[in-house]
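As a plain string of letters, each chain reads:
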Amino acid sequence: MKLRTTAAAIFIGMLAAMPAKADKLDDIIASGTLRCAVTLDFPPMGSRDEKNQPVGFDVDTCNDLAKALGVKAEIVETPFPDRIPALVSDRADVGVASTSDTLERAKTIGFSIPYFAFKMVVLTKDGTGIDTYESLKGKKTGSTSGTYEAIALEKDMKAWGGGSFRPYQTQADVFLALSQGQIDATVVTNTVAQATVKSGKFKGFVVKGDAPYVTDYVALIGLRQEQGLLNYLDLFVNQQVRTGRYKELYDKWVGGGEAPDLTVKGVYR
Amino acid sequence: MLNYTFHWRPAFNALPDMLWGALVSLQIAVLSMVIGVVLAVFLALGRQSNNKLLYGFSTGWVELARNTPALFQIYMTYFGLGSFGIHLDSYVALLAGIAFNNAGYLAETFRGGLRAIPHTQTRAARSLGMTAPQAFRLIVLPQMFRIVFYPMTNQMVWALLMTSLGVTVGLNTDLTGVTQDLNVRTFRTFEFFAIAALIYYLLAKLITLSSRLFAWRLFRY
Amino acid sequence: MFETSLTWNDILFLLQGAGTTLTITFWAVLGGTILGMLFGLIRATSPWWVNAPIGFVLDILRSVPLLIQFVLANSFKSILKLQVSAFTVGCVVLALYTAAYCAEIVRGGILAVPPTTRRAARSLGMTYTQDLTNIVFPMALRVALPSWIGLTLGVMKDTALVLWIGIVELLRASQVIVTRIQEPLFVLSIAGLIYFLMSFPIARLGAQLEKRWREND
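Chains as they are written, first to last, in my numbering: chain L, 1 to 269; chain D, 1001 to 1221; chain R, 2001 to 2217.
Among the hints, a few may not be true.
Capping the alpha-carbon separation at 30 Å, the derived lysine-lysine pairs in DSSO-like fashion look like this [as the list claims (entries may be wrong)]:
| no. | chain 1 | residue 1 | chain 2 | residue 2 |
| --- | --- | --- | --- | --- |
| 1 | R | K2211 | L | K107 |
| 2 | L | K67 | R | K2081 |
| 3 | L | K198 | L | K51 |
| 4 | L | K24 | R | K2081 |
Pairwise CB distance ranges, derived in the manner of DEER restraints [stated by the list, open to error]:
| no. | chain 1 | residue 1 | chain 2 | residue 2 | range |
| --- | --- | --- | --- | --- | --- |
| 5 | L | L103 | D | I1086 | 51 to 61 Å |
| 6 | L | K201 | D | L1218 | 51 to 61 Å |
| 7 | D | P1133 | R | L2124 | 46 to 56 Å |
| 8 | L | G32 | D | P1010 | 36 to 46 Å |
| 9 | L | S164 | D | L1023 | 14 to 24 Å |
| 10 | R | L2080 | L | A68 | 44 to 54 Å |
| 11 | R | F2200 | L | S164 | 32 to 42 Å |
| 12 | R | I2042 | L | A68 | 55 to 65 Å |
Since the hints were made in silico from the structure, they are not lab data.
Bear in mind that the values here come from a model prediction, so they are computed numbers and not experimental data.
For glycine and all other residues, C-beta sits at the position ideal for the given N, C-alpha and C.
Turn these sequences into a full structure, and let the hints steer you where they fit.
Okay, structure coming up:
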């Protein structure tokens, strides 16, 4: 009798608990669609082709992730400032949008292990007399608001004194400002700098030396409490590297030299 | 179930920075209004002028200012002029954009105000020996400002609200700029923007109240 | 010689953006007008304790930058996990914003009808509702319509701000194309021209209407 009651209680408990247990990962698989927040003015990671369709490293990564999950991929365009709201509001399931894994942001969202790493370089125009990072002192500079490089550059400009720093809302506006001479130079990720110089759309853009910042590791993002999903994302990134797909995508979109090392020496994870 | 826990404490720590930003916003609004009023007087006169060139120029300005978005106008003063090699600082570009917009709207308001003042007054002033500019400055303008004072207050509030658009041309010292800067660093959008909204509301009230006080002091007989 | 990399495809993209601008304007003005008429009527006819709180809320909507309202509404929606698109958020925020202004226009129109006229209507034996529908509304409409047209145009221009919450309307569409072909002045001018063509004819119509009605007075 007692046993039966206990068994029944456990059974009912399981029934009651089951719907609550379905987490984000289950939801994605059940819905058959993976919605990725991707930033599309950040070539070669994300941009639009001449049909104004989304393409890039991040778009392909999202497609791979969807394939691994056995679902369809859907790209949700999010400007940089809209990445987190998109996740919190459930407009997107994961963010594949070159998000730097800062401690400040980790208070709000969850990061996977890094899926890419950027080095920062100085991008300037012919005739500005800028040839190293240090020669930015006293010049007009700008970058994309809130990005890793923007925060570092603004800090240095303030420490040096003189000159100016302008944050723009999109990467596109930064390049527009640079090409028009509103600013003398910007600090951008090496991939973006290469892609931009290579595109030939901007006359006189040149890369002048590295910016001496700590490597900017970027990660996939999900809701902070969705451990199941974040766990899956970690393994996914690991598999991308292990299977050589990471290298393949790197060659396709970035090219030139080795794909960046995603590990940090001397520490776990 | 919410996915979000509010973090108000760090948001309130940023309050001093935001208040400094509010001061910059207010400064831009006031300056743009002063420039706008001066320009608008000339535009309103230009629209009554018989000179084709003057009429065309001022009509073009007014229609352009009134029929395109303010955001577009500010974007144009920065990136549009930039393509001609004219580099305005973000602050100046925003100021110029809002002043352009203010002038366009106020010119129409002023034109209506001018129309309400009987011609006989100008004639009376002239017959008292005033020159035409004197009559306009001493007789017509003061009466016009009395008529258009309320719409001007509205425009002033709009000018303040328009300063929030400076963030699109790289301004990071005004209230929205500071707020956005905090937002992109921490992703605490709601907390910071809610505080910003409150400050904007108080600023708008400040403008309305002080203009009412001003009007009471200025226009009593 | 004048050369551009702007393709017909891009023009089409811009026009699509203009379509989005018009669609948002339509919903915002429709919702805003209905709500605005309701609030305006309440504000013009009810005692202060009903009037004051409504007036306070509407005043807030008019005193906070629309940009901030969009961002706030969008993030608040995110927090509440509401399953609505950014498009809907844009429409709702703009509709409330429109309603805030529309209510003042309607209220102004109703209050512009002289009390003596209304008393005359009542003394002719009309009921309160008859007075409202047959005397006050037709007279208020004349005062309100030109301002309402102005408001509609204002809202259409304000839709440009929805680009901030990720909607590709006319201005955002032009920015997308500028990013690709890097001819800011040319592309932005086209966008400006489209705005002008959408706004100017209606503005003219409004001015004409105002003039004609004033002459009839």
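Here is how each hint holds up against the structure:
1. As the CA atoms of K2211(R) and K107(L) are separated by approximately 60 Å, the hinted pair breaks the 30 Å bound.
2. For the given pair, K67(L) sits about 27 Å from K2081(R) by alpha-carbon distance, which is consistent with the 30 Å threshold.
3. A distance of roughly 20 Å separates the Cα atoms of K198(L) and K51(L); the hinted pair therefore holds under the 30 Å criterion.
4. A threshold of 30 Å between alpha carbons decides the hint, and for K24(L) with K2081(R) the separation of about 13 Å falls inside it, so the pair holds.
5. The hinted range of 51 to 61 Å is not satisfied by L103(L) and I1086(D), whose Cβ atoms lie roughly 42 Å apart.
6. For the hinted restraint 51 to 61 Å between K201(L) and L1218(D), the CB-CB distance of approximately 55 Å keeps it satisfied.
7. The beta-carbon spacing between P1133(D) and L2124(R), approximately 55 Å, falls within the hinted interval of 46 to 56 Å.
8. In this structure the supplied range 36 to 46 Å holds for G32(L) paired with P1010(D), their Cβ-Cβ distance being about 39 Å.
9. With their beta carbons about 20 Å apart, S164(L) and L1023(D) fall inside the hinted range of 14 to 24 Å.
10. For the pair L2080(R) and A68(L), the beta carbons lie near 31 Å from each other, so the given range of 44 to 54 Å is not met.
11. Hint check: F2200(R) to S164(L), Cβ distance near 38 Å, so the stated range 32 to 42 Å holds.
12. With their beta carbons about 57 Å apart, I2042(R) and A68(L) fall inside the hinted range of 55 to 65 Å.
Of the hints listed earlier, those the structure fails to meet are numbers 1, 5, 10, in rising order.
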